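Enquirer: Put together the whole structure using the sequences plus the hints.
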Amino acid sequence: MTRLDSAIRRLTAQRDLLDWASRLVAPTGFVLELGLGNGRTYDHLRNRLPGREIYVFERRPAAHPSCMPPDGYLLVGDMFETLPSFISAKGAHRCSLVHADIGTGDEALNREVALRLSPLLDGLLQPGGLLLADRAFALPHCADITAETGIPEGRYYVYRRTDEAGSPRVSDEEPASRLSL
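The opening residue of the sequence shown carries number 1 in our numbering; numbering runs sequentially from there.
Since the hints were derived computationally from the structure, they do not count as laboratory data. One or more of the hints may lead you astray.
In silico SDA-like pairs for lysine to any residue, Cα to Cα no more than 20 Å straight-line [what the hints assert, rightly or not]:
1) Lys-90 x Gly-77
2) Lys-90 x Glu-53
3) Lys-90 x Arg-52
4) Lys-90 x Gly-123
5) Lys-90 x Phe-30
6) Lys-90 x His-44
7) Lys-90 x Tyr-55
8) Lys-90 x Val-76
9) Lys-90 x Gly-37
10) Lys-90 x Ala-26
11) Lys-90 x Asp-106
12) Lys-90 x Pro-27
13) Lys-90 x Gly-128
14) Lys-90 x Pro-127
15) Lys-90 x Leu-120
16) Lys-90 x Ala-108
17) Lys-90 x Gly-154
18) Lys-90 x Asp-78
19) Lys-90 x Tyr-73
20) Lys-90 x Ile-54
21) Lys-90 x Pro-119
22) Lys-90 x Gly-72
23) Lys-90 x Asp-71
24) Lys-90 x Glu-112
25) Lys-90 x Ala-63
26) Lys-90 x Pro-69
Remember, predicted model here, so these are calculated numbers, not experimental data.
Expert: Below you can see the structure in the form of structure tokens.
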């Protein structure tokens, strides 16, 4: 597979999962975008979830001007500093959807970052909340539901926060149906 083919498949999986999650997530709770990049996925989320509070975390914002979050919704700095501050200010378990596209070309660094972010993300998701990510995370209070989406293994990862009994609490409106890519 060429690098172009790989990029197209990753972006297609990302778009399809964002669309799927936008239909499934609870109508309450914050939406977080970890990593703004050039703003494509933020733009997609705000289109799919109009009126929702979408907070974006980015170390060095450089997005297209039309894809910048409004004042108060862009948290600039190291995520290991801005996420704990966000949790302190807004409270734990208040996010219905978190999208994390934070990879680099260094897989060892990616694994380390994912392991360090895992407890923060686990504490952000409300029961039934979803995490869509470009890498695997270690989330003790979440179920890995990637296989339910039909996304090829290793392309993208999907986790759902479970309640204390271990059973998911989400809307019954739409099951996690398989996506066709």
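Enquirer: None of the hints should be skipped; say for each whether it holds.
Expert: Now the hints, each set against the structure:
The suggested pairing of Lys-90 with Gly-77 holds, with an alpha-carbon distance near 17 Å, which does not exceed 20 Å. As the CA atoms of Lys-90 and Glu-53 are separated by approximately 12 Å, the hinted pair is consistent with the 20 Å bound. Between Lys-90 and Arg-52 the alpha-carbon distance is near 15 Å, which keeps this suggested pair within the 20 Å criterion. Between Lys-90 and Gly-123 the alpha-carbon distance is near 12 Å, which keeps this suggested pair within the 20 Å criterion.
For the proposed pair Lys-90 and Phe-30, the alpha carbon gap of about 9 Å is at most 20 Å, so the pair holds. Our distance criterion of 20 Å between C-alpha atoms is broken by Lys-90 and His-44, whose separation comes to about 24 Å. The suggested pairing of Lys-90 with Tyr-55 holds, with an alpha-carbon distance near 11 Å, which does not exceed 20 Å. Taking the CA atoms of Lys-90 and Val-76, the gap is near 16 Å; set against the 20 Å cutoff, the hint holds.
Restraint check for Lys-90 and Gly-37: the C-alpha separation of about 24 Å exceeds 20 Å, so the hint is violated. Distance restraint check for Lys-90 and Ala-26: the Cα-Cα separation of roughly 18 Å lies within the 20 Å cut-off, and the hinted pair is therefore satisfied. Distance check on the hinted pair: Lys-90 and Asp-106 sit about 32 Å apart at the alpha-carbon level, beyond 20 Å; violated. Our distance criterion of 20 Å between C-alpha atoms is met by Lys-90 and Pro-27, whose separation comes to about 17 Å.
A distance of roughly 18 Å separates the Cα atoms of Lys-90 and Gly-128; the hinted pair therefore holds under the 20 Å criterion. Between the alpha carbons of Lys-90 and Pro-127 the distance comes to roughly 16 Å, so the proposed pair stays at or under 20 Å and holds. A threshold of 20 Å between alpha carbons decides the hint, and for Lys-90 with Leu-120 the separation of about 13 Å falls inside it, so the pair holds. For the proposed pair Lys-90 and Ala-108, the alpha carbon gap of about 32 Å is over 20 Å, so the pair is violated.
Taking the CA atoms of Lys-90 and Gly-154, the gap is about 32 Å. The hint is violated against a cut of 20 Å. Between Lys-90 and Asp-78, the direct Cα distance comes to roughly 18 Å. Compliance with the 20 Å bound is thereby established for this hinted pair. Proposed proximity of Lys-90 and Tyr-73 is supported: the alpha carbons are some 12 Å apart, at most 20 Å. With a C-alpha separation of about 13 Å, the suggested pairing of Lys-90 with Ile-54 holds against the 20 Å cut-off.
Between Lys-90 and Pro-119, the direct Cα distance comes to roughly 17 Å. Compliance with the 20 Å bound is thereby established for this hinted pair. Among the hinted pairs, Lys-90 with Gly-72 is consistent with the structure: their alpha-carbon atoms are about 13 Å apart, no more than 20 Å. At most 20 Å may separate the alpha-carbon atoms for a hinted pair to count; Lys-90 and Asp-71 meet this at roughly 16 Å. A hinted pair counts as satisfied when its Cα atoms are at most 20 Å apart, and Lys-90 with Glu-112 does not qualify at roughly 26 Å.
A distance of roughly 25 Å separates the Cα atoms of Lys-90 and Ala-63; the hinted pair therefore is violated under the 20 Å criterion. Our distance criterion of 20 Å between C-alpha atoms is met by Lys-90 and Pro-69, whose separation comes to about 18 Å.
Hints 6, 9, 11, 16, 17, 24 and 25, counting from the list given before, are not met by this structure.
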